[in-house]
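Here is how the chains run, residue by residue.
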Amino acid sequence: MTYQPQKDFGTPASGSNDLVTCTIDGRHVTVPAGTSVMRAAAEQGTSIPKLCATDNMKSFGSCRLCLVEIDGRRGTPASCTTPVEPGMVVHTQTPHLQKLRKGVMELYISDHPLDCLTCAANGDCELQDQAGAVGLRDVRYEVQSTHLGQEKDHSNPYFDFDPSKCIACSRCIRACDEVQGTLALTMEGRGWDSKISAGLASDNFLGSECVSCGACVQACPTATLVEKKVVEIGTPERSVVTTCAYCGVGCTFRAEMRGEQLVRMVPYKDGKANRGHSCVKGRFAWGYAQHKERILKPMIRKSINDPWREVEWDEAFAYTASELKRISDSYGRHALGGITSSRCTNEETFLVQKLVRAGFGNNNVDTCARVCHSPTGYGLKTTFGTSAGTQDFDSVEECDVILIIGANPTDGHPVFASRMKRRLRGQDGRPPAKLIVIDPRRTDIVRSPHIEAEHHLPLRPGTNVAVLTAMAHVIVSEGLANEAFIKERCDWDEYRHWAEFVTQPRNSPESLQPVTLVDAEELRAAARLYATGGNGAIYYGLGVTEHSQGSSTVMAIANLAMATGNIGKRGVGVNPLRGQNNVQGACDMGSFPHELSGYRHISDGDARKLFESDWGVALDPEPGLRIPNMLDAAVDGVFKGLYVQGEDILHSDPNTKHVSAGLAAMECVIVHDLFLNETANYAHIFLPGSTFLEKNGTFTNAERRIQPVRKVMTPLNGLEDWEVTQRLAQAMGLDWNYTHPSEIMDEIARLTPTFAGVSFSRLDEEGSLQWPVNDAAPDGSPIMHVDGFVRGRGKFVVTDYVPTDEKTGPRFPLLLTTGRILSHYNVGAQTRRTENVAWHPEDLLEIHPVDAEDRGIKSGDWVKLASRAGETTLRATVTDRVAPGVVYTTFHHAVTQANVVTTDYSDWATNCPEYKVTAVQISPSNGPTDWQEEYEALSERARRIATEVPAE
Amino acid sequence: MKIRISDDALAIACGADTVARAFIQAGAEVERVSSWGMHWLEPLVDVDGTGYANVTADQVRAIMAGTTESIGSIAEHPFITRQSRLTFARAGKTRPTSLDDYYASEGWLGLAKAQAIGAEATIETVLASGLRGRGGAGFPAGIKWKTVASAQAATKYIVCNADEGDSATFADRMVMEGDPFMLIEGMAIAGFAVGAQKGYVYIRSEYPHAIAKMETAIAACAHLIAPFIVEVRVGAGAYVCGEETSLLNSLEGKRGEVRAKPPLPALEGLFGKPTVVNNVLTLAAIPWILTHGGEAYASYGMGRSKGTMPVQLAGNVKHGGLFEIGFGITLGELVNDIGGGTDSGRPVRCVQVGGPLGAYIPPSRFDLPFDYEAFAAADALIGHAGITVFDDTVDMAQMARFAMEFCAVESCGKCTPCRLGSTRGVETLDQIIAGKNVEANLALLADLSETMKFGSLCALGGFTPYPVMSAITHFPEDFR
Amino acid sequence: MTSLERLVYMLNQIATNLATDPDPVTAIAEHVQLFWDPRMKQMILESDREGLCPAAAAAVQRLAQAHASA
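Residue numbers (this note's numbering), protein chains in the order written: chain D, 1 to 952; chain F, 953 to 1432; chain L, 1433 to 1502.
FYI, nobody ran anything at the bench for these hints, they're computed from the structure. Fair warning: there could be bad hints in the mix.
[Claimed, not checked] For lysine-lysine, the following DSSO-like pairs were computed, each having C-alpha atoms within a straight-line distance of at most 27 Å:
id, chain 1, residue 1, chain 2, residue 2
1, D, K102, F, K1405
2, F, K1405, D, K99
3, D, K7, F, K1213
4, D, K195, F, K1206
5, D, K228, D, K152
6, D, K487, D, K795
7, F, K1098, D, K99
8, F, K1405, D, K58
9, D, K381, L, K1473
10, D, K152, D, K99
11, F, K1098, F, K1225
12, L, K1473, D, K609
13, D, K325, L, K1473
14, D, K102, F, K1213
[Said to hold, decoys possible] Covered, in the sense of this in silico footprint (three residues per stretch, anywhere, with C-beta under 8 Å from a C-beta of chain D), are these stretches of chain F:
id, segment
15, 1017-1029
16, 1234-1247
[As the list claims (entries may be wrong)] The following label-pair restraints were derived from C-beta to C-beta distances:
id, chain 1, residue 1, chain 2, residue 2, range
17, F, A1250, D, P449, 56 to 62 Å
18, D, T503, F, V1186, 52 to 58 Å
19, D, T23, F, A1172, 57 to 63 Å
20, L, E1478, D, D329, 49 to 55 Å
21, D, T21, F, Y1055, 32 to 38 Å
Each residue gets a CB set at the ideal place from its N, CA and C atoms; glycine is no exception.
With the hints as extra help, turn the sequences into a complete structure.
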């Protein structure tokens, strides 16, 4: 099928339930009330010429091309700004309209470069299309003055801005306002002098507040804003719908191709998670797939001090299988383990855990969720019965109160944050939702254009449970609990036990203020707002889970939601903002050492039997090792072999020295990844991986939404990741014969009740499905716990505040917390190998002016960041976003070695590391620490690849 | 001896402050009052009701001695007696910011009446008066108020459009400088009738005296209109912000860009709330209407143009000033009888009615009665009723070019026909004026005018064709 | 710290956080049973229980009894 952009109806769809019938060009059309004439015509198949209208933004009425004639009305109204009325009779094409449209187009073309044939938008230009549509044949003006010949802005790494081609339709400005919510773009000057500006007159696109989400590029009807790749390659010839591989929002994109070359990724308007929007990463930062550092051939070496030796796949598999067997024979089957990837597909993670359980014969399998949302799994399973969020993203449209705790959505989940911002700005005419933010830092959402949080509670890091308990105290003691809901849906006795606990005087906001450092009145007001402000929804992230009381915090959140009846309908709920594109999926697939797919405990005999009869092998009934325990066991000398797929534990796990000690103690570390990452420094076998563009499968996002990943190009490394795991299994003697990932999904569906109705053909039909998908919910489950909790009755769990053992003191007086930035993704494995480094070339340490001044530190200075665990050096930036006593950094660059500093403390229930609380000292520095220098030398040695010297 | 001299900006420009100072130095007691609106007589000195015209400081002693020739009783001057001053009843007679003077001249009776009869009856009164928007659109004020009153919203606004930017207009300025309490009373009545708590007066930045007078007046009477609050907001030099939606954008702190309608400001106006946007004269007429009744107001005028219009005579005219009269008077009577023809003495070649976007009307059409519908039928518009008079030295091709140039300078830039068309219009007229391809360019100009007239988003681009095409139609000889 | 010291720390941490459970000792024992791998359980059972808080020690005792009778 030849390239077609997605259909554009001109103006947004109306949400009204009332229908209106009118006549357009002699044909009856029935549409919801509030629909514009333009959209009604488009739905009927009539395209009224347009340039400034596009269907993901409000109508603007500036181009004046879409004029129509309406019986009984004077003049020629614009069809984009005219809503249909019952009985209206519209004519979209008359001689008068033709003349007017030509007149408008003649004006446009009198001020536009006439280089269509060599223009990047040739064949994909709405101005070209409309000039053709209105039949413009000549421009009669003797032109004296034009906007041609202006300088282009090439500053953004991914797209160009050419003001000479601008038709001043303002679509870019409106996209930045209505879709993204950053409001970086504006129109400077007036009249003929109107000019698009990226901010101040001195700003270019790179220097401005633009976050490079690409919404303006997508909106621009001409080549004024165009992707550099299109300039380079040309227009695409076909498109394939697939899912982004970065974060847990799971945006749907059209991968627009020319042959096997990806020209651009364009957000898909019908994507249920993103609704046609994107962020800089998914939209533009996919170049890592062709980066020169990508490894395309398998490599092996006997010792990590040797250079790598490239081999063919067969040799690699045979060698790997023999090593695993050797270790199993020498040390026992418990000496092996695997880590599944939260970035690979469901089918692929399912195979890795199957390899471990059926192949290695143990349950030593874990995944990155260990270090991020494992407390979510534990906490929500205990309280609600399901290890996942309760809503879909659309649910935010019906919130009245949004409570964000320990999350920074504008940076970590930007596309969802834009939707949240629409609700916070009240863009649909309803009163805006109110915002409460609980975070030690003043994150961007606390105060951004047209948005201000009602309450920002800047708590001391590590005191989440105390704050939530204090809020519960307010809600129960002031009589704001929803007792009807609790009686119906929860256990009343458990509630009373919990209520007695929270209402104790020691749990009041006033009593806890010295601990939390949160003003008691503010906290009371926030609690009241959440309880009484209408639909209250809680969104949380790693600022909740990555603590020694992570699981307790999740349960405390669940307690609040249950106590106020904010579960089981739209606009409420408990929403963990899952980080990775498929971390939800990896957990669903049984990547945890204690659980089979669908969160059934390994001790569950019936569940085990189901797998055993399907797989033809007996399963170990005891829980296996979690990643930190694998490393402990390695140091103890009893854990020797590890298969790591798509995870860089040396970079992302805490206490780097402990991780490297564990890896160094192993005899066979197999890294299956795209690049030689930090973990590969300690690897003996490297299996090159495939990117999301090079395989078929599914990802499951934070909404439990299973979405298809579609292959658009042949894997550069020769095999899709699931094929690699299968070949490895076959080399080990397992009889696996999958020919396509759909067969793996069919097996998953057979063995996992919550996935019973899922199949690739169903996903093709529906676009996506939210699990559970079974007989009770054949079309999936957008909202959970609607009539009852999955576990039956919701469980109130008493969560007492236990201060972390990581204490500040004279040597380490500050508290470090960590986070993410928009342009980079986690350890930066992908984004550092794209142009995104333009925005964030290094990790910076945020420090409050008071603390900086005490130490003689200015922005840009090198500082030493030291904790009891280790020390590292990076540059500082002085800001009052953090409170005095708190410092903050990101961990996107390996050279920063941020995790040298983080500790071994972890969540009591899941061992999720306490990244968010480390006692540190900051001091001026004049260079890298010894550790950094040693590590850099080690990395350089470990990354050598032997080049073949031809034999004489 | 009671000496009254106006402190209206025009009077000051003619030297009124100097004259007043001279009188004070000579020991007289001087009251500063609003202007009578007979601009060719300013500085006009009122000595116990007798008028002395074009006074200079050196004439002060003679006037005080009674040895100078006067123009007689100002109130009996034919320019005044021929008018029906309902809105401008106090002009020349009261001190603008004196609450005593206002009370003594029927002040605050309208507001009291409105509060006595209630909001709904107030709106009925305005409907009965037939009052139409005096800014130019001519939309029935009562219907607008009714729409806003019926809107379900806790917050509503009254916005007074005081961005009087048309050439030959000064009536709004004279109201704000001369009778500010009347405007404030009118806004308070509007607020009461529709349920609005707050009113804004958007005054163009080029009216500093009006801004100061309004601020003083608001401070003085705030307690009388409470709980209704009025605030002044100052524009920043954009003619287009006289268009109601771009005015609202400017009030909200945004670019003065025109908004598409629907939605109507009456339902979604300032900050998205139901808003009454009315011109100064519209709101200024309200107190009289409530005091004397809707039918009384409607007894003036003709056809569907009820009530009185404060006509502003300016340009090359002998007797420039404010002439308030019921609709129906002919254009010729206004220009020749009352205006006295040109100031230069040369024949009148044409007049432009309604500001820079109004049609040029030749003497052959001076039979036109001042009536919204009659003017529209003749492809002309009343607008804010400013009349600019031209004598026979005017070059109509240059005037047509000026119309396009004015549009280009003042365009907000949002819609294509105005943003690009105005500049192309100037270029095309330059070609015509230089004699190049005249017939082809005239045809192109006609097409461009049609595109602008039917395609523009607002009246700035939409009405620019009026002066252009009327100049070509009535004065073709200037183009060839 | 050694592996055993780490296990003792983890167990004490679990005990502190489950102190508000209606039946803390059972809750701790269940947690260990569900989530610790056999080798970790072995280590703690074979240890001399030094350093364990009372509830944790009682839970280990409960587990030892369960394993003995298994």
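Hints, verified against the model:
1. D:K102 to F:K1405: It holds: about 14 Å lies between the C-alpha atoms, which stays within 27 Å.
2. F:K1405 to D:K99: Distance of about 13 Å is within 27 Å: holds.
3. D:K7 to F:K1213: At roughly 26 Å apart (the allowed maximum being 27 Å), K1213 of chain F and K7 of chain D satisfy the hint.
4. D:K195 to F:K1206: Between K195 of chain D and K1206 of chain F the Cα gap is close to 16 Å, so the pair holds against 27 Å.
5. D:K228 to D:K152: Given that 27 Å is the threshold and the Cα spacing comes to 12 Å, the pair holds.
6. D:K487 to D:K795: Given that 27 Å is the threshold and the Cα spacing comes to 12 Å, the pair holds.
7. F:K1098 to D:K99: 39 Å, violated
8. F:K1405 to D:K58: Given pair K1405 of chain F, K58 of chain D holds - Cα atoms ~25 Å apart, limit 27 Å.
9. D:K381 to L:K1473: 23 Å, holds
10. D:K152 to D:K99: Given that 27 Å is the threshold and the Cα spacing comes to 34 Å, the pair is violated.
11. F:K1098 to F:K1225: 15 Å, holds
12. L:K1473 to D:K609: Answer holds: K1473 of chain L to K609 of chain D is near 24 Å, not above 27 Å.
13. D:K325 to L:K1473: It holds: about 26 Å lies between the C-alpha atoms, which stays within 27 Å.
14. D:K102 to F:K1213: Within the cut-off at roughly 24 Å; holds.
15. 1017-1029: With 0 residues closer than 8 Å to chain D, the segment 1017-1029 of chain F misses the three-residue bar; violated.
16. 1234-1247: violated (count 0)
17. F:A1250 to D:P449: 56 to 62 Å: The hint (56 to 62 Å, Cβ to Cβ) is violated, given that A1250 of chain F and P449 of chain D are roughly 49 Å apart.
18. D:T503 to F:V1186: 52 to 58 Å: 56 Å, holds
19. D:T23 to F:A1172: 57 to 63 Å: Holds, since T23 of chain D and A1172 of chain F (Cβ atoms, about 58 Å apart) stay within the stated range.
20. L:E1478 to D:D329: 49 to 55 Å: 26 Å, violated
21. D:T21 to F:Y1055: 32 to 38 Å: The hinted range 32 to 38 Å is violated for T21 of chain D and Y1055 of chain F, with Cβ atoms some 59 Å apart.
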